[in-house]
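Chain residues, written in single-letter form:
There are 2 protein chains.
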Amino acid sequence: MQRLAIHTITTKSWDLPTAAAKYQAAGVGGAGIWRPWLEGRPLTESRRILDDHGIQAVSLVRGGFFPYLTSTEKQSALDDNRRALDEAAAIGAPQLVLVAGAMPELPLSESRRHIEEGLAACLDHARITGVKLALEPLHPMYADCRSAVNTLGQANDLLDRLGSPPEMGLAADVYHLWWDPALEQEILRAGDRICGFHVCDWLTPTRDFLNDRGLMGEGCIDIQGIRRQVEATGFEGWIEVEIFSDRWWSHDPDDYLQQILNAYQKHV
Amino acid sequence: MQRLAIHTITTKSWDLPTAAAKYQAAGVGGAGIWRPWLEGRPLTESRRILDDHGIQAVSLVRGGFFPYLTSTEKQSALDDNRRALDEAAAIGAPQLVLVAGAMPELPLSESRRHIEEGLAACLDHARITGVKLALEPLHPMYADCRSAVNTLGQANDLLDRLGSPPEMGLAADVYHLWWDPALEQEILRAGDRICGFHVCDWLTPTRDFLNDRGLMGEGCIDIQGIRRQVEATGFEGWIEVEIFSDRWWSHDPDDYLQQILNAYQKHV
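Protein chains in written order, with UniProt numbering: chain A, 1 to 268; chain B, 1 to 268.
Bound-form chain A, shown alone (with noise of 0.2 Å):
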């Protein structure tokens, strides 16, 4: 339990002051902080009420989005990750998640050019603030117009050529991983590079491409299998619960809190 961490976007309802006392007095000690989640306060504010209720910031999300048509989009891409990174480091979260971003309007190989550049270009700030960039590969069926980094094995790729830069750590999520032949050797790969680990599950049937994430114990997703994996590089990190659920979002929160609590207890 003490490793627990909860997504804001999970509970969804729950603005930063209700999310940080409900996590607190379920006994949670850290939150993955959606941004959205910062805004209408000082940042000294929000970091205020996630101390006074004990709670970790454990990763800021979400930057990245770096493919760009024009190059006003593209310097616009590069201040706000250069952005997020001040707002990670300001709230004390050790990590900013990366959604790498893609555009159908681009070739993929193009998408990937200018992931590649972006990340290279926010390394140096992601020195200064202390705030690793934790490039999160997503699911295949996203590569059209949310990443077109897909598996953990590019993934690893994409940090061999940009030097195993310190500042990077790679997000490794199970929704978007679980399928693939290769994970078990790719983790082996990443080793220390993993900096992060989201669950949540995969229902059959999907009925969304966006929301409709199980929780974990719902699905067919081996979450303990590919968490002894993770764990057998060393990884000793917050487990992150991240759903995307209209139905669970539409469900009484306090009751779905208790059944992450239960289902993270059962099934992860």
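Just so you know, the hints here were simulated from the structure itself, not pulled from any lab data.
In the DSBU-like style, the derived pairs of lysine-lysine whose C-alpha atoms are separated by at most 35 Å in a straight line are:
id : chain 1 : residue 1 : chain 2 : residue 2
1  : A       : Lys74     : B       : Lys266
2  : B       : Lys22     : B       : Lys266
3  : B       : Lys74     : A       : Lys266
4  : A       : Lys22     : A       : Lys266
Using the hints provided, position chain B relative to the given structure of chain A.
For chain B alone, kept in the frame of chain A given last:
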């Protein structure tokens, strides 16, 4: 145009005699025959219908679905695949397209073992019938319940392990493979294993996991680029248009056929 083939599921409202007549009138010489289109008449009559309209059965679609929970299901899958090989031979189709199968109740590794064993068990009958088993890797979003073979690399590995039997080939569908960063190298590696090439497009957004494919040119897949890579291996076979689309299925089918021809000439 002389390499264009259309899967009967693409023009779903037309039965076999209608599809054969419409394809012939449009100058289309090949068809991927889905098994339901053979029901209700003797195989010899289906063959005669195709022959009378100068339509070559390019492929029979589909066999596979090897994973099982009981020994009865196991036997039934093998029986059905052998029957499908017989049907393919009867209508003159040189290959049976295989969707490998997957079951959310099984560990992925177990589904994959069943698939490998099932394929091995069908080789003899493939040799006897002279029909090739064309394994089609399916998009990772189908790994839960349709296919545990999800990349061309994985299919190449599988064929390696089976000893590259001449009774087996690979069906490469751009919809399933386009996102893969290893695609070009795995097409090269597949070489003359590629015995089928299927085209359609990936829409942004895609609204349904199964039936929201695009007509070529409507989406973001670099179909011409992938075709060049496939043809660089020596592939000179049919190019099969396979589109599952509630949207197109509700369109006037004669106009749709004309749009398929236009899209094929412009975007394939």
